[in-house]
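The listed protein sequences correspond, in order, to chains A and B.
Using UniProt numbering, the letters of the first sequence map in sequence onto residues 1 to 395.
Using UniProt numbering, the letters of the second sequence map in sequence onto residues 1 to 298.
In short, the hints are calculated from the structure, not lab data.
Check before you lean on any hint, since a few could be wrong.
Simulated crosslink set (DSS-like; lysine-lysine; CA at most 25 Å straight-line) [as the list claims (entries may be wrong)]:
no. : chain 1 : residue 1 : chain 2 : residue 2
1   : A       : Lys263    : B       : Lys141
2   : A       : Lys233    : B       : Lys141
3   : A       : Lys293    : B       : Lys56
4   : A       : Lys240    : B       : Lys141
5   : A       : Lys287    : A       : Lys377
6   : A       : Lys179    : A       : Lys233
Listed here are the chains, written in short residue letters.
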Amino acid sequence: MKKTLILSALVSLSFAAAQKTVTLPWSGAITGPTSDAGASYAAGVEDYCKYANAQKMLPGVTLNCVTRDDQYNNANTQRNFEDFVGNLNAPVFLGYATGGALQLKSVIQETKIPTLTASYHIGIIDAPDNTYTFLPVSSYSENIVALLEYIAKKERGAKVALIVNPSPFGRDPVVDARKAADRLGLKITDVQEVGGNNLDNTALLKRLESQGAKYIINQNTAGPVANILKDAKRLGLLGKMQFMGAHYTGGEDLTKLAGDAAKDFIWATSYYLYDEGNQPGIQLVKKIGAQYKRGGDTIRSVHYTSGMLAAAIAIEAMKRAGNNPDAAGVYKGLISMNGSKSFNPGFAVGPVTFSAKDHIGAESLRLLQADATGNFKPITGAQRSALFQLVHPMK
Amino acid sequence: MDLLPQLLIAGVVIGSVYALAALGFVLIYKSSRVINFAHGQIIATGAFIAFALTQKGVNFWLAGLIAMLATFLLGMLIERVFLRRMVGEPIIAVIMVTIGLSSVIDGLIHLTPYGAGTFSFERPALLTGQGIELFGLPLSKTQIAGVLMALGLLGGFTYFFNKSTLGITMRAVADDQMAAMSVGTSVERVFALAWAAAGLTAAAAGVILGLMSGLTLGGLAGIGLKVFPVVILGGLDSVIGAIVGGMLIGILENLSAGYLDGIVPGGGTREVFPFIILIIVLLIRPYGLFGTKEIERV
Chain A
1 MKKTLILSAL VSLSFAAAQK TVTLPWSGAI TGPTSDAGAS YAAGVEDYCK YANAQKMLPG
61 VTLNCVTRDD QYNNANTQRN FEDFVGNLNA PVFLGYATGG ALQLKSVIQE TKIPTLTASY
121 HIGIIDAPDN TYTFLPVSSY SENIVALLEY IAKKERGAKV ALIVNPSPFG RDPVVDARKA
181 ADRLGLKITD VQEVGGNNLD NTALLKRLES QGAKYIINQN TAGPVANILK DAKRLGLLGK
241 MQFMGAHYTG GEDLTKLAGD AAKDFIWATS YYLYDEGNQP GIQLVKKIGA QYKRGGDTIR
301 SVHYTSGMLA AAIAIEAMKR AGNNPDAAGV YKGLISMNGS KSFNPGFAVG PVTFSAKDHI
361 GAESLRLLQA DATGNFKPIT GAQRSALFQL VHPMK
Chain B
1 MDLLPQLLIA GVVIGSVYAL AALGFVLIYK SSRVINFAHG QIIATGAFIA FALTQKGVNF
61 WLAGLIAMLA TFLLGMLIER VFLRRMVGEP IIAVIMVTIG LSSVIDGLIH LTPYGAGTFS
121 FERPALLTGQ GIELFGLPLS KTQIAGVLMA LGLLGGFTYF FNKSTLGITM RAVADDQMAA
181 MSVGTSVERV FALAWAAAGL TAAAAGVILG LMSGLTLGGL AGIGLKVFPV VILGGLDSVI
241 GAIVGGMLIG ILENLSAGYL DGIVPGGGTR EVFPFIILII VLLIRPYGLF GTKEIERV
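Kindly produce the complete structure, drawing on both the sequences and the hints.
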């Protein structure tokens, strides 16, 4: 009896010793600027990570789920990255902001830590120093080129204005948008920068109206766009101008802030939405959200789904790396996601595909339009921009 | 219709909100010579208290009044707990306390469901429907209500400081604390009242801003610093200065957006132009347009 007990204790201990702990870290804005998106994103990463542990998705591996607030501050992001990689031996890094991702590019290249961010800025995966950086979904640039293609189909020669955030996040797609507009026969009448404190947009909208701009594409966050839409409604421009935007402009955040002024806004995104309960990915979002007792607003947010996708991709890459996932293994796991081995957890409208050259995950996107109740309904199927790869060939 | 009058009207609308937000700085500085860097966070606190109450079914107007009362008491509490102990300390220490307070309040709001999120007031019936048109510029009922509320409070405080005994007492304390104390004035009471009144105006500004542009902690707290040029331009210790400074900044922002953004690639001149004017004014009048000129005799 005594021998049996000792033997089973030894067996248990050896199993415990075999169970390896691997850190899955995220650094982003839980507080500070853009925390309205970041807090839900963090919750998505954290909950999916916990769910993966509960489901024993990685045999022999227990994930150490770490989400850390960097307050949208690049210096904090860098410190978190150094701690995650240097002290916690994380084999992958989940980031958040455009600025932080761009600042870390050379460090990531040097340390060879595969990185996925919540910023879909194409510059993050542009050369140089782009071997280990990946976008989970289509870039802002591709969102905007797809919107321009939609406009060109509706009205060739139409006048388009761009309203962008005064930051790398906002400015980056402008070059690609200009090239695409040239090829599509559209005229970009103006590119204006609008930040988060835009309490009055009368002057901006009046000028765009005087230029004859009929389509207004936004590359911004939902707050400034909501204020523009409310002012456009007050000025009687909503029927005359068609407002549109890339991923971070739309969704629940926009309709909550803009109310009925968001009606007809056209939004490009790669994610399924909460209202699409028939999608397996959204069913999983709801299940995990309920399991970890998240509030309704969090679960409904597209950013919660986005956080889950980033975590799911990292965990799948670890799985493909085997039971000893290090950075090199995770990188190999990531670039194996193509062809029959593509990864489709159901959060985005297409499968996640990566290779040594392809660093954009779920490349498909849809255009959706807000209805009178503020819900976004798809107006296109899942698609890729036909023109994007021509205006922005990846190196 | 010509663009100019429309831009001027839009500038007055936004300027009146700036002026109201700036009033909190002035009330505190006028009585205690303290610049409160936590003012933006108090604006956010007021707005979120009102929002939370409306979520619980409280009528919007009543919620706004309760929020104003709550931040009135919060202002008093802050003065009592933190600032009273700092009387006689170097001004930089007092400023650091207010910067610390801004972080603490920010952190506390993050512990509530409203810290990281995007919210919008359900518009009360009185503020829905068609607004009015002024010189070709349509104004929403929210904007009109915002301007009226701001001007009402600004007018009330102007009257209070010029005509009421308490207001004159507060000005006396601001002019010379020692002299005021020697004639039996309770400086502590005046300080507490100034902080409380600043809290009250902060909530009013927060609710108006929340109605106009939605509620996010960053946006509401950020307005506290955005109006800083307003108070510097108007004069840190002048209620009239806050009104004129607010209107001027609002109008200048709109004029630059209307006439310069089309020339400057990328636009965004509204963020810079008021500061250019501010620098010019400060070169000529370092104490602002209506601020008290400090004369030191050596």
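Here is how each hint holds up against the structure:
Simply put, lysine 263(A) and lysine 141(B) have alpha-carbon atoms about 20 Å apart, close enough for the 25 Å limit, and the pair holds. Taken as a hint, the lysine 233(A) and lysine 141(B) pair is honoured in the structure, with Cα atoms around 13 Å apart against an allowance of 25 Å. For the hint pairing lysine 293(A) with lysine 56(B), the CA-to-CA distance comes to about 21 Å; that is within 25 Å, so the pair holds. With a C-alpha separation of about 22 Å, the suggested pair lysine 240(A) and lysine 141(B) falls inside the 25 Å cut-off, and the hint holds.
Distance check on the hinted pair: lysine 287(A) and lysine 377(A) sit about 23 Å apart at the alpha-carbon level, within 25 Å; holds. Proximity of lysine 179(A) to lysine 233(A) is assessed by CA-CA distance (about 31 Å); at most 25 Å being required, the pair is judged violated.
This entry does not satisfy hint 6, going by the numbered hints stated previously; all others are met.
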